[in-house]
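Colleague: Dock chain S against chain B, hints included.
Protein chains: 2
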Amino acid sequence: MDILLQYVVKSFDRSTKVIDFHYPNELLQEYNWELADQPQNLEEILMHCQTTLKYAIKTGHPRYFNQLSTGLDMVGLAADWLTSTANTNMFTYEIAPVFVLLEYVTLKKMREIIGWPGGSGDGIFSPGGAISNMYAMLIARFKMFPEVKEKGMAAVPRLIAFTSEHSHFSLKKGAAALGIGTDSVILIKCDERGKMIPSDLERRILEAKQKGFVPFLVSATAGTTVYGAFDPLLAVADICKKYKIWMHVDAAWGGGLLMSRKHKWKLSGVERANSVTWNPHKMMGVPLQCSALLVREEGLMQSCNQMHASYLFQQDKHYDLSYDTGDKALQCGRHVDVFKLWLMWRAKGTTGFEAHIDKCLELAEYLYNIIKNREGYEMVFDGKPQHTNVCFWYVPPSLRVLDNNEERMSRLSKVAPVIKARMMESGTTMVSYQPLGDKVNFFRMVISNPAATHQDIDFLIEEIERLGQDL
Amino acid sequence: MDILLQYVVKSFDRSTKVIDFHYPNELLQEYNWELADQPQNLEEILMHCQTTLKYAIKTGHPRYFNQLSTGLDMVGLAADWLTSTANTNMFTYEIAPVFVLLEYVTLKKMREIIGWPGGSGDGIFSPGGAISNMYAMLIARFKMFPEVKEKGMAAVPRLIAFTSEHSHFSLKKGAAALGIGTDSVILIKCDERGKMIPSDLERRILEAKQKGFVPFLVSATAGTTVYGAFDPLLAVADICKKYKIWMHVDAAWGGGLLMSRKHKWKLSGVERANSVTWNPHKMMGVPLQCSALLVREEGLMQSCNQMHASYLFQQDKHYDLSYDTGDKALQCGRHVDVFKLWLMWRAKGTTGFEAHIDKCLELAEYLYNIIKNREGYEMVFDGKPQHTNVCFWYVPPSLRVLDNNEERMSRLSKVAPVIKARMMESGTTMVSYQPLGDKVNFFRMVISNPAATHQDIDFLIEEIERLGQDL
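Chains B and S are the protein sequences, given in the same order.
With the numbering used here applied, the first sequence covers 93 to 563.
With the numbering used here applied, the second sequence covers 93 to 563.
FYI, nobody ran anything at the bench for these hints, they're computed from the structure.
If chains are identical, the list can't say which one is meant, so a pair holds when it fits in one copy or spans any two.
Each computed DMTMM-like pair below joins lysine to aspartate or glutamate, with the alpha-carbon atoms no more than 25 Å apart:
#	residue 1	residue 2
1	Lys281	Glu294
2	Lys243	Asp275
3	Lys235	Asp275
4	Lys303	Glu239
5	Lys409	Glu257
6	Lys201	Glu135
7	Lys409	Glu555
8	Lys301	Glu239
9	Lys146	Asp412
10	Lys420	Glu257
11	Lys356	Asp129
In isolation and in its complexed conformation, chain B is listed as follows (with noise of 0.2 Å):
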C-alpha cells in the first residue's frame, strides 16, 4: 500500500520525471526479470513491485500528454481495486449481482445520454474501443444478413464498409478479422479539418452498388484519433437512411464531449446512428479499460451472439434469466469495467464530467492561441481546435531560413522523433508525433488529463524548444 501510495504520490509531483528511461535490453540486464522454481520472500516481492513502478511511465503525471487516455482518478482508482477486490466475471447475475446491474443502470444512462428515447437499447462494457467497433460491425452485418451466423461469408454477397480516410485502423483491423477483407472497407476522403466529406461518401456508395456490391455499414468518427475532427453526422444519417446502411459513430474519443452543454453540438446526429463506441477511458478519465458499445436495436447483441451454453446461462434459474447478459458478448469471461466509471460518475456527477471536459478543451484553445502565432510553429491544419487535439510542427531555427522544399520536408520530418527522443531521455514530459497521409511528422498535443494546468501547457512549449532549437 504505502509503495503504491508514494507513487501516486510521486505521479503528481511536477519535479519528478514522467519517465526513468531506459533502452530494452539495458533494462533486461537492469534487474532480474525470470521466473524460477522457487518462491520468494514478501520483501523481495514488494522491491519488484518498487522497481516495476520506477521504469513505469507516470501515466497521472500533469505533463504526460503522450495518448488519448492520461491521468489518474482517486475514485477511479479505489473503483478498480474494489473491483480486482470483488474478482469476478460479467457473464451471469448469478455471480455478478451488483456489477451487472450496474452496467445496465449506466449503459442506460449513456443512451440518454445520446438521445435515445428513454435510454432504450442495448450495449456491453467491451476490452477496448477496437473491439467496440468490431462488435458494431459484427452486428450490422447479421442485421442485414442473419444467416452469416450459420453459413459464413460465403452465403452472403460482397459487403463494403466506409468510414473516413482519417478513421482509426480498428474498422480495417475489424473487417480483416470478420472475415469481410480490408479491401471492402473503402476509405472516404476528408476534408482540410480531418472530417469525412459527404458528397464523397454517397459517391463510393452509389459506386459499391454499381458493382453489385452491398453497402453495409457507415462508421463515422466523432473526434478522429490524429485530428481530433467530428465528421459531419447529420449528413452521413442522412445518407444512411437514403440507402438503408447501418450507422455507425466511432465516439472512442469524442464520445466525452456529450456530457457538456457547451460542447455536444460538436457530435449532432449521434442520435440518428445505429450503434455509438464510446470509450470513458479517454476523455472522462476512468482508468484503464473501460469501452462502451452502445446499440439502438434491443436484442440483437444477443441473437447475434449467443450460443446458449448449458452450464453457464441455464434456463431454470431461480430468478429473472434477462441479467444474465454474458450471451451477447464475444468473450466467454469477461471483466468487471463500469464499477470505476458508475463511482466516479456518482462522485463526480454528470456536472464534474463537464467541468473537467470544458477545462481540457480551454487548454488546448490556450496551447492553439500561444503557438499559433508563435515563431517557429506551424499548424498542420486552420482553426481552433474541435477536440483536444493540437497538430503543430516545432520548426527549428536552422530550418526557418529554407525555402519549402523537398529538403526541408525531409529535415522538418526527423525534428519530432529527436525532440522526442530527447523528452523520453529526460523525462520531463511526454507528446506524440506521427506522420499523416503527404503531412511529414508533426507533433499531436492531446489534454485529457485532469491535472493539467496552463503552466504544464507553458512547459511544454519551453521543453520543445529547449530540446529542438540546435536540430
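Modeller: Here is chain S on its own, set in the frame of chain B:
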C-alpha cells in the same frame, strides 16, 4: 482501504455467507443506484463501496466452487492494484516498458513449459479464453490463406474447423464472428469420459474433404468445461500432421496442470500444437483476467493482424521496435494482464503453483471417493476425475425408490436447480449444475480455490443433503 481489507478478511471467514442473495428487482429497489448530475461526497462514495461489496459474491470464500475461477490470492491482488495504479496500456514499449518486458519473459516461460524448443514462438495476453480461441482460429486461417486478410472469406474455399462435442462454445462463437459460420464447425464425438474420439475426427475430416471443403483447424480441449476431460492430444497431433491441419489446444482450464510434475502427462502432445490457449486466471488462481494465447510460429500474429497505425507504431523511434507488440493484437488499447501472473510466479515459484494444483486435484479425488459409493449419489461418468471436475447427481430419498424411467429423469432434472436456489438463498456455498446431451441437470463440482480444505468438501456434501433431502 479498510473497506477492501475487511472484505478480504470476511471472504476467508467460513462463518460469513458466500452471497447475500437478492433477486434483481429487489436489489434494484434496495438502493439508489442511479447516476445524477450532482456530485456526492466522500462519505457517500465510501457507502457505495460498502453496499457494492455487501451484495457481491465472495469469490475468494473457501466454499465458493461455482466457476472455474475461484479464490483470492493476496499477491495477485496486490499486483492487480499496482496495475491499476500504473494505469497504462500494452500497445508500445514507450508507455509500458516494464510490462512489455514482463509479457515477453512470461510468455517465453509458458512456451518452454508447453515444450516448444527454447520457448520460441509468439503469444499474447488476451481478454479471456474465448478471445484467445478466436485468435487461434484467425491465425490458422491466415496461415493457410493469407489473402483472406484483404479479400475476405469470399476469396477462399469453404473452411471447416473440428472440435469435440464437449468443447467450449467459444469455438462456435469465434466461427460466427470470423465469417466462417457455425455450420462449418464440426463437433466430433466423445467417449463416455468426454474425450474426443480420434477415429471420428479422421472420419469427419475425410468427409469434409470429399465434399471439397478445406479442413483448416482442429481444436482439441485439455480440460473440458463440464467433465474436465483431456482429449488425446498425441492421436490428434498425428491426424493434424497427416492432413496438414493447424492443431490448436484449448487448455484454458487444463493448462495449469502443466505446472505439476504429477499431472502434466494428461497434456502429452501439447508440444505438437500450433497454438495453445492457457488461462492462468483459472486453475492457477490469478485474478481475473489473465488468458494467454501461445503460438508456435513467430511473426504470424503480427502479419495476420498488423495495420501499421502511424500514430502508434512510428518507424523512426529511438528504441528497438520489436518491443512495440501492440500491432499483433486485435485490440488497440490492451489492459495489462501480465503483472499479476508474473508477481505471483515470483512469490510462489513454479513449485508453489504445482503444490496448489496437486492439492486441488487431491481434493477432487477426496470428493470422488466419498460420493462414489455413498447412498443418494450417482456419478455422471465412471472413474477417477482427471481434472478437478466431479460430476454427479444427488438423488433425494423420494427418488431412490423409483425405477429408472422417464418420470424419474424428469424429477431428477429438477433437483439440482432447487438445491442451487436454496444454496444461494441461504448463502452457504455455491456449486454449478447443468444438463449435458441426454444427461439431465447434474452438479459439476470444480476446485480451483486455494482456500478450500477437506472440511469444505465435507460441508458441501452435508449442505447438498440438508437442502435436498425433502425433494
